[in-house]
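J.: One letter stands for each residue in the lines below.
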Amino acid sequence: QMQLQESGPGLVKPSQTLSLTCTVSGGSISSTTYYWAWVRQPPGKGLESIGNIFYSGSTYYNPSLESRLTISVDTSKNQFSLKLTSVTAADTAVYFCARVEYDFWSAHYGMDVWGQGTTVTVSS
Amino acid sequence: DIQMTQSPSSVSASVGDRVTITCRASQGISSWLAWYQQKPGKAPKLLIYGASSLQSGVPSRFSGSGSGTEFTLTIDSLQPEDFATYYCQQANTLPGTFGPGTKVDI
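From first to last, the protein sequence lines stand for chains A and B. Everything in the first sequence is counted per our numbering, starting at 1 for the first residue and increasing by one. Everything in the second sequence is counted per our numbering, starting at 1 for the first residue and increasing by one.
Bear in mind the hints are in silico, worked out from the structure with no lab data behind them. The beta-carbon is built from N, C-alpha and C at its ideal position, and this holds for glycine as well. Treat the hints with caution; some may be incorrect.
[Unchecked claim] Capping the alpha-carbon separation at 27 Å, the derived lysine-lysine pairs in DSS-like fashion look like this:
1) K83(A) to K103(B)
2) K42(B) to K83(A)
3) K42(B) to K13(A)
[Said to hold, decoys possible] Stretches of chain A that chain B covers, calculated by requiring three or more beta carbons in the stretch to come under 8 Å of a beta carbon on chain B:
4) 47-58
5) 61-67
6) 73-87
[Unchecked claim] Heads up, incomplete: computed chain A residues facing chain B, CB under 10 Å, no partners named:
7) W38
8) T92
9) V94
10) V100
11) E101
12) Y102
13) D103
14) S106
15) A107
16) H108
17) Y109
Only chain A is shown next, with the shape it has when bound in the complex (with noise of 0.2 Å):
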């Protein structure tokens, strides 16, 4: 059975660069069948989708991170990653990597399975 599992810091200070990168263990990170996404909880808030990343490196990135944003996979090592630039507090959040199956001709898009989510916090 597929899992997922976040990885990085848990403190950033403001400004800097967070960076985070998900573990995909239990299958290929290079499945047609599917895209790889990253999504964040700001503490008592919704849920905010970051990014999807294709196997080939094909992404969509949420317009309002999109400058700041860079989302990466590393398929000999079964990974995708997480960078985000000149972070400020408003970036605290826990976030989330997740496998969405994805199939256009029956409009199936879903996060079925979640990483476990890491707290990153933006603080000096």
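Fit chain B to the known structure of chain A by using the hints.
T.: Using the frame of chain A, we list chain B on its own:
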């Protein structure tokens, strides 16, 4: 950008009740809509995709309907484990946008 709204923002219900949550998109999204359940401190769980398709392993008391701009999630005969927050997500334009959530509590 496609904006998503949900109503109500919260609902108080009892075990055995039927609960309906509405999700509206700011423009047509066909059937590109998913529903998630989230409990405190946990990752969300996929319930419905394609507006009305039940994710494998999800109890049949959950159902989804709608297309275009208006969608509903219905929980028939609410169970104790269903008290949670529910989010809709449009996937017509990636990476998708979540609704603000609906909290179902006792």
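J.: The structure should be examined with respect to each hint, and the outcome stated for every one.
T.: Here is how each hint holds up against the structure:
Taking the CA atoms of K83(A) and K103(B), the gap is about 31 Å. The hint is violated against a cut of 27 Å. The hinted pair formed by K42(B) and K83(A) meets the criterion: a straight-line CA distance of about 23 Å does not exceed 27 Å. Simply put, K42(B) and K13(A) have alpha-carbon atoms about 26 Å apart, close enough for the 27 Å limit, and the pair holds. Here the region 47-58 of chain A counts 6 residues with a CB under 8 Å from a CB of chain B, which clears the bar of 3, and the coverage holds.
Check on the region 61-67 of chain A: 3 of its residues sit with their Cβ under 8 Å from a Cβ of chain B, so the three-residue criterion for coverage holds. Coverage of the region 73-87 of chain A by chain B is violated. Counting CB-CB distances below 8 Å, 0 residues qualify, and the rule asks for three or more. Of the supplied interface hints, the one on W38(A) holds, with its beta-carbon coming within about 8 Å of a beta-carbon of chain B, less than 10 Å. Taken as an interface hint, T92(A) does not check out: its beta carbon lies about 16 Å from the nearest beta carbon of chain B, beyond 10 Å.
Nearest Cβ of chain B to the Cβ of V94(A): about 9 Å, under the 10 Å cut. The hint holds. Here the hint on V100(A) is kept, as its CB sits about 8 Å from the closest CB of chain B, short of 10 Å. Of the supplied interface hints, the one on E101(A) holds, with its beta-carbon coming within about 7 Å of a beta-carbon of chain B, less than 10 Å. Among the interface hints, the one on Y102(A) holds; its C-beta lies about 8 Å from the nearest C-beta in chain B, closer than the 10 Å criterion.
A cut of 10 Å between beta carbons decides the hint on D103(A): the least distance to chain B is about 9 Å, and the hint holds. The closest approach between the C-beta of S106(A) and any C-beta of chain B is roughly 6 Å, which is under the 10 Å cut-off, so the hint is satisfied. Evaluation of the A107(A) hint against chain B yields a held restraint, the C-beta minimum of about 4 Å falling below 10 Å. Because the smallest distance between the Cβ of H108(A) and any Cβ of chain B comes to about 5 Å, under 10 Å, the interface hint for this residue holds.
For Y109(A), the suggested interface contact is upheld, since its CB lies about 3 Å from the closest CB of chain B, less than 10 Å.
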